[in-house]
Amino acid sequence: MRILIATIKVPFIRGGAELHAENLQKALAAHGHEVDIVAAPFRWNPPERILDHMVTCRMLDLTETVRGPVDLLIALRFPAYYIRHPNKVLWLLHQFRSAYELWDHPQVDLGRWPNGRLVRDAIRDADRSLLPEAAKIFANSKTVAGRLQKYCGIASVPLYHPPPLHDRIFNAKATDYVFFPSRLSPLKRQSLVVEALAKTRSGVRVAFAGEPESAEYLEKIRNMARRLGVLKRILWLGSVSNEELVERYAKCVAVVYPPLDEDYGYVSLEAMLAAKAVITCTDSGGPNEFVVSGQTGLVAPPDPESVAQALDLVWVDRAQAERMGQAGRARYDGLNISWDRVVDELTSPAIPRGLTVS
Amino acid sequence: MKIHWFSPLPPVEVSAAACTAAVVPCLARTTSIVLWTAQAAWDPALARYARVRKYSMRRFPWRTLNRGDLAVFNLGREAEHHGTIWRLLQAHSGIAVVHDAQLHELYLQAPHPVSGEDPGYVAECERFYGSAGRLAGEIFRGGLCSAARMAERFPMFEPVVEAASGVMVYDGALAGRLARQTGPPVVHVPNPLGEGGNPDEFVRALLQLASAAGSGYATSLIMAQRIAHAMKPIVNAQVREAVLNRAADAVCSMTTRRAGGD
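Protein chains in written order, with our numbering: chain A, 68 to 425; chain B, 24 to 285.
These aren't lab readings, by the way, just hints derived from the structure by calculation. Fair warning: there could be bad hints in the mix.
Here are some chain A residues pointing at chain B (derived, C-beta under 8 Å) [claimed, not checked]: (1) Leu118; (2) Met121; (3) Arg125; (4) Met126; (5) Leu129; (6) Gly178; (7) Trp180; (8) Pro181; (9) Gly183; (10) Asp188; (11) Ala189; (12) Ala193; (13) Ser196; (14) Leu197; (15) Asn238; (16) Lys240.
The model shown is predicted, which means the values in this text are computed figures rather than measured ones. All residues carry an ideal CB built from backbone N, CA and C; glycine is no exception.
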């Protein structure tokens with residue numbers, strides 16, 4: 068088949084979403100399909116720009132290219148999923164979160180603009196009107212599918228894919244740190260872990276790896292660590308190479324990953340692949356689809372005291388942490404997460420509406 | 024339901040202030056109201072029914088406004104009392120309650136817009152009243168015609184309420200004329216302080232309009248304006264029209280279902 072992957076590109080920014088589209092392209096190509104990625108430029112400030120991008124995407128019709136007809140359009144992101152195609156399959160990475168579950172979040176700025184609410188309503192309206200035109204709708208995770216159902220009343224099927232480093236991750240003997248690999252951002256809640264460290268009783272150490280979203284946030288959590296007297300128990304690794312990342316996974320005592328309502332959460336899957344216990348929070352979204360509290364990790368309420376208890380447990384009882392890690396690996400293996408399955412689901416003929424997709 | 028209400032407040036002696044004093048007690052029975060004002064003083068009795076908040080155009084707390092369910096903007100001809108309210112309506116769509124049949128003075132004397140370009144008086148006269156409007160606008164700008172005469176011929180009602188998601192007017196004939204145009208939904212309701220009117224009926228009509236209007240019209244308008252602006256440099260009228268038609272189709276497909284908030 069000739070397949071186009073429709074996504075967006077924020078100029079000069081490269082992150083997980085770009086990598087995700089490329090990995091999908093490789094997986095489809097490995098199955099013999101001719102595949103290309105179409106990325107619409109995107110900017111969200113001021114919010115009226117978002118309306119421009121919505122209309123622009125909607126005006127595109129990718130039924131044909133100079134190479135001939137396009138058999139399938141796989142749309143991943145807002146607003147690229149408005150592009151017209153008679154055989155469009157949606158594999159939703161996430162909707163425009165500022166218009167939905169993050170609307171009231173203090174760090175999200177759509178609501179600070181005069182027309183913020185109007186743009187939010189326009190996005191919701193367009194999603195409700197246009198998403199159902201896809202022949203099949205998949206979501207990146209149950210969390211994303213749940214939001215689509217809750218806010219738009221649209222059913223979708225969760226379709227998991229392997230994390231980017233799935234074939235390189237390994238396990239080694241634990242050393243002396245709990246690992247938190249993620250971009251430093253208010254939504255990832257490194258600050259919650261810093262606060263929790265101050266309440267631990269065991270002297271647990273945490274290694275943070277990842278680029279800060281802003282210098283201000285890095286400064287904020289460093290100052291917080293200094294004020295709480297835990298600076299010496301934190302290792303700030305900054306951005307690390309893939310080689311260092313997999314090694315850090317391999318040698319950690321456990322992984323802590325308590326984001327706020329994450330879409331999917333590669334970190335929890337990568338930790339499971341490395342056979343490490345995962346500490347996450349009840350409101351963390353995607354990670355809760357994989358972490359079974361008490362079996363493959365610990366799911367704590369999102370408060371410093373509870374997270375501290377979980378950190379103490381894995382730090383003090385290494386044998387228990389190891390058992391949970393091994394159980395996590397077994398759970399991952401049982402989930403049948405593979406690119407082959409993703410390709411099969413996305414490229415198989417659509418089942419007529421009204422029939423159940425399982 | 025949380026309503027953000029913009030109006031001159033008593034003791035200012037304009038129709039909108041009197042209407043607000045009469046309507047708010049009824050509206051407060053079923054909704055939570057925030058009265059926004061730029062006045063230094065207001066009738067303290069209003070605090071029995073609503074929270075009164077002062078605002079400044081330069082630092083308006085948009086997040087607070089965005090978290091409400093409905094914004095209502097009371098407009099009248101007096102720019103001194105309604106100018107900033109109109110500019111807020113242009114920045115943040117909501118229901119416009121219009122207390123006068125012509126808004127020419129408001130249009131001419133209001134402060135600068137909160138954001139975006141001011142298209143200019145003559146251009147707006149032409150947009151809404153054609154070549155006669157343009158000619159009259161130029162004559163007026165040249166000092167050869169009075170504002171009162173212009174207001175009589177060209178009430179400038181349309182550009183003032185254009186950004187609203189719905190409009191309430193007291194004049195049945197005006198409502199009928201506006202309803203025939205491609206503007207926001209319009210309802211006619213008797214002045215709650217006038218003959219045949221009462222505050223309860225006004226509140227009923229307001230809430231019905233809010234429920235029916237949604238934000239679909241306002242969104243379409245913004246999209247259409249932005250597309251038109253982007254297409255301006257295309258000189259060939261046929262090409263421009265073809266592109267605009269395609270864009271209009273795209274906009275229609277996205278906004279056919281009127282959003283009703285959460």
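Against the structure, the hints come out as follows:
1. Leu118: 5 Å, holds
2. Met121: 6 Å, holds
3. Arg125: 4 Å, holds
4. Met126: Interface hint status for Met126(A): holds (5 Å vs cutoff 8 Å).
5. Leu129: Nearest chain B Cβ about 14 Å off; hint violated.
6. Gly178: 4 Å, holds
7. Trp180: 6 Å, holds
8. Pro181: 4 Å, holds
9. Gly183: Status holds, d = 5 Å.
10. Asp188: 4 Å, holds
11. Ala189: 4 Å, holds
12. Ala193: 4 Å, holds
13. Ser196: Interface hint status for Ser196(A): holds (5 Å vs cutoff 8 Å).
14. Leu197: 6 Å, holds
15. Asn238: 46 Å, violated
16. Lys240: Violated - the Cβ of Lys240(A) stays beyond 8 Å from chain B, reaching only about 50 Å at its closest.
The structure fails to meet hints 5, 15, 16 from the earlier list, while all remaining hints are met.
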